[in-house]
Amino acid sequence: MGGLDDLYQQLILDHYRNRRGRGRLEGASASVHENNPVCGDECFLDILVEDGRLADIRADGDGCSISQAAASMLTEAARGRDLDDALALVEHFRLVMHGDAEPEEDLLGDAVALEGVARYPVRVKCALLSWLALRDCIAEYRETTAMGG
Amino acid sequence: MGNPAQIALDSARLRAEFPILAAPRPDGGALHYLDSAATSQKPQRVLDAMDAYYREANANVHRGVYHLAAEATDRFEAGRDAAARLVNHPREGTVFTKNATEAINLVAWAWGARELTAGDEVVVTMMEHHSNTVPWQLVAAMTGAVVRFCPVTPEGDIDMDALRGMIGPRTRMVAVVHVSNTLGTINPVGEIVAMAHAEGSLTLVDATQSVPHMPVDAASIGSDFIVFTGHKMCGPTGIGVLAAAPGHLRAMEPFLGGGEMISDVTTDGSTWNDIPWKFEAGTPPIAEAVGLGEAVRFLEDVGPDRIRAHEQEIARVMLDALDEVPGLTLYGPRDPQRRGASFSFALDGVHPHDIGQFLDSRGVCVRAGHHCTKPLMRALGVQSTARASAYLYTTADDVIALRDALVECRQWFGAA
Chain R
0 MGGLDDLYQQ LILDHYRNRR GRGRLEGASA SVHENNPVCG DECFLDILVE
50 DGRLADIRAD GDGCSISQAA ASMLTEAARG RDLDDALALV EHFRLVMHGD
100 AEPEEDLLGD AVALEGVARY PVRVKCALLS WLALRDCIAE YRETTAMGG
Chain D
0 MGNPAQIALD SARLRAEFPI LAAPRPDGGA LHYLDSAATS QKPQRVLDAM
50 DAYYREANAN VHRGVYHLAA EATDRFEAGR DAAARLVNHP REGTVFTKNA
100 TEAINLVAWA WGARELTAGD EVVVTMMEHH SNTVPWQLVA AMTGAVVRFC
150 PVTPEGDIDM DALRGMIGPR TRMVAVVHVS NTLGTINPVG EIVAMAHAEG
200 SLTLVDATQS VPHMPVDAAS IGSDFIVFTG HKMCGPTGIG VLAAAPGHLR
250 AMEPFLGGGE MISDVTTDGS TWNDIPWKFE AGTPPIAEAV GLGEAVRFLE
300 DVGPDRIRAH EQEIARVMLD ALDEVPGLTL YGPRDPQRRG ASFSFALDGV
350 HPHDIGQFLD SRGVCVRAGH HCTKPLMRAL GVQSTARASA YLYTTADDVI
400 ALRDALVECR QWFGAA
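Listed in order, the protein sequences are those of chains R and D.
For the first sequence, position 126 matches number 125 in numbering that gives the first Met the number 0, and the numbering has no gaps at all.
For the second sequence, position 267 matches number 266 in numbering that gives the first Met the number 0, and the numbering has no gaps at all.
What the hints contain is simulated information worked out from the structure, not anything from laboratory work.
Just so it is clear, CB atoms sit at the ideal spot from N, CA and C, and this is done for glycine as well.
One should not assume that every hint holds.
As the list claims (entries may be wrong) - Using C-beta positions, here's what the derived DEER-type ranges look like:
| hint | chain 1 | residue 1 | chain 2 | residue 2 | range |
| --- | --- | --- | --- | --- | --- |
| 1 | R | L86 | D | I261 | 55 to 65 Å |
| 2 | R | R23 | D | Q336 | 44 to 54 Å |
| 3 | R | T143 | D | G246 | 54 to 64 Å |
| 4 | D | G28 | R | G98 | 40 to 50 Å |
| 5 | D | P153 | R | E142 | 55 to 65 Å |
| 6 | D | G413 | R | L86 | 32 to 42 Å |
| 7 | R | R21 | D | A218 | 51 to 61 Å |
| 8 | R | L86 | D | G326 | 37 to 47 Å |
| 9 | D | A250 | R | L86 | 57 to 67 Å |
| 10 | D | R113 | R | E142 | 42 to 52 Å |
| 11 | R | S30 | D | G326 | 28 to 38 Å |
| 12 | D | D347 | R | R21 | 15 to 25 Å |
Unchecked claim - Chain R residues, not near chain D, derived (Cβ > 12 Å throughout):
| hint | residue |
| --- | --- |
| 13 | A27 |
| 14 | A29 |
| 15 | S30 |
| 16 | P36 |
| 17 | D61 |
Said to hold, decoys possible - In silico contact screen, one side only, chain D against chain R (beta carbon under 10 Å); selected entries:
| hint | residue |
| --- | --- |
| 18 | H61 |
| 19 | Y65 |
| 20 | V381 |
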């Protein structure tokens with residue numbers, strides 16, 4: 000049953016059972032709510048931007064182990080990065096999920112454990128849900144601050 | 000566990016007729032296909048009939064004067080005869096569509112879009128497949144009609160008192176599923192049709208999950224429209240059936256326009272072909288009709304009453320087996336007499352997607368998701384469920400494999 004171990008690495012199950020960065024953020028700079036129409040899973044993502052950096056990031060919502068672990072890993076990998084760095088991180092992860100890039104552990108942190116998901120096309124959307132939500136959330140933040148200022 | 004020897008069909012022998020079930024898997028294990036509510040597997044004789052049609056009789060139907068075209072037409076129309084016979088419905092009221100969804104859309108557009116006006120009501124239930132809600136919502140948005148959803152009881156039945164209160168003088172259509180694809184509930188469609196007719200409403204019965212699994216008599220149900228699909232009843236994809244009262248079909252304007260469905264075409268307008276061809280624009284799914292006809296003969300040979308008896312026995316085995324899985328919640332009726340072959344459930348602490356993935360590693364195919372019944376999911380208070388569904392080739396071994404994999408799955412994900 001190598002296939003299953005390959006997909007569900009211990010690190011993934013650990014993040015699933017002990018979610019990091021879970022919940023909502025009071026006074027968030029921007030928020031998005033996205034869902035996966037295939038399974039109904041949903042993700043609420045809040046970011047707090049200070050001095051052009053992600054001072055905090057929280058992900059909430061329900062979903063499968065892959066989507067929940069990916070959200071947990073995202074909050075760890077993205078926190079503290081400036082916005083362009085965070086977008087580059089998301090893009091790297093997206094390419095890895097589509098099998099178009101080799102994962103860079105320095106960049107991804109624990110999320111490198113999600114590498115095996117790329118071989119399960121149906122589950123790629125689960126892993127990407129929160130990560131693409133961050134991309135949309137940063138776009139949302141930039142749009143509103145551009146309009147405001 | 001129930002005693003497999005009591006099962007009404009020799010499913011082990013029947014399985015040998017299905018190439019997918021008989022083929023060895025790459026890892027040497029058995030395939031436990033428990034997703035027949037999504038689509039059934041196909042017996043060799045259906046594949047052979049379609050192959051033979053292309054090899055021996057391929058021509059376009061109805062228009063050719065040559066022998067081959069006549070042979071193609073005969074095989075195509077024999078498929079219609081078989082589909083009509085299976086549900087005891089006149090052939091002239093038996094229209095081929097792409098699938099059950101298209102059959103419902105045909106009624107929604109050819110009847111609903113022309114007949115419904117602002118304030119009219121279409122009554123559906125909370126357990127309908129999206130195919131029996133979205134077409135009505137589309138037509139309602141255009142006509143100003145209202146779609147009302149009858150609630151479902153906590154046991155997974157249509158709330159008949161609520162339905163009685165909902166059907167009234169404004170009701171023009173009551174569209175209801177015969178057997179729920181998610182809960183497995185068998186609904187009292189005869190009673191519902193009578194209730195609707197008493198108020199002057201038309202009815203549509205979605206028999207997609209009943210026709211493959213049990214005797215269905217369109218004449219005794221008495222619905223104005225009944226729909227079902229080929230690929231869930233051992234036939235091919237790409238063909239469905241609308242069994243409609245012939246009088247309605249004569250009165251209705253066409254749904255799709257084109258070749259085949261016309262009587263005459265002039266620059267001033269057109270007149271329509273006789274029913275059922277009036278509703279079959281363009282070259283129809285010919286090989287698929289041939290395949291459906293053979294699927295019907297296969298089901299007749301096995302016997303719809305025996306299939307039903309077998310699935311009731313499987314339901315008993317399944318309900319016992321699922322009871323043995325810690326942390327499992329079953330949705331839908333617990334009485335095998337009152338349920339079909341779909342079993343939706345939740346496993347405490349494990350998401351349905353993860354259940355589906357884990358079970359796949361054990362050769363067990365189940366579906367995870369909302370099963371195209373999102374209003375029902377919301378009513379149940381869940382985002383999604385896992386669903387195992389049985390058919391005539393399902394054995395007690397399949398059910399035991401499911402049970403054992405579920406127990407293991409819960410341990411794997413570390414649920415308390």
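Hint-by-hint comparison with the structure:
| no. | hint | verdict |
| --- | --- | --- |
| 1 | R:L86 to D:I261: 55 to 65 Å | holds (57 Å) |
| 2 | R:R23 to D:Q336: 44 to 54 Å | holds (47 Å) |
| 3 | R:T143 to D:G246: 54 to 64 Å | holds (60 Å) |
| 4 | D:G28 to R:G98: 40 to 50 Å | violated (28 Å) |
| 5 | D:P153 to R:E142: 55 to 65 Å | violated (45 Å) |
| 6 | D:G413 to R:L86: 32 to 42 Å | holds (34 Å) |
| 7 | R:R21 to D:A218: 51 to 61 Å | holds (58 Å) |
| 8 | R:L86 to D:G326: 37 to 47 Å | holds (41 Å) |
| 9 | D:A250 to R:L86: 57 to 67 Å | holds (60 Å) |
| 10 | D:R113 to R:E142: 42 to 52 Å | holds (45 Å) |
| 11 | R:S30 to D:G326: 28 to 38 Å | holds (33 Å) |
| 12 | D:D347 to R:R21: 15 to 25 Å | holds (19 Å) |
| 13 | A27 | holds (24 Å) |
| 14 | A29 | holds (25 Å) |
| 15 | S30 | holds (20 Å) |
| 16 | P36 | violated (9 Å) |
| 17 | D61 | violated (6 Å) |
| 18 | H61 | violated (40 Å) |
| 19 | Y65 | violated (47 Å) |
| 20 | V381 | holds (9 Å) |
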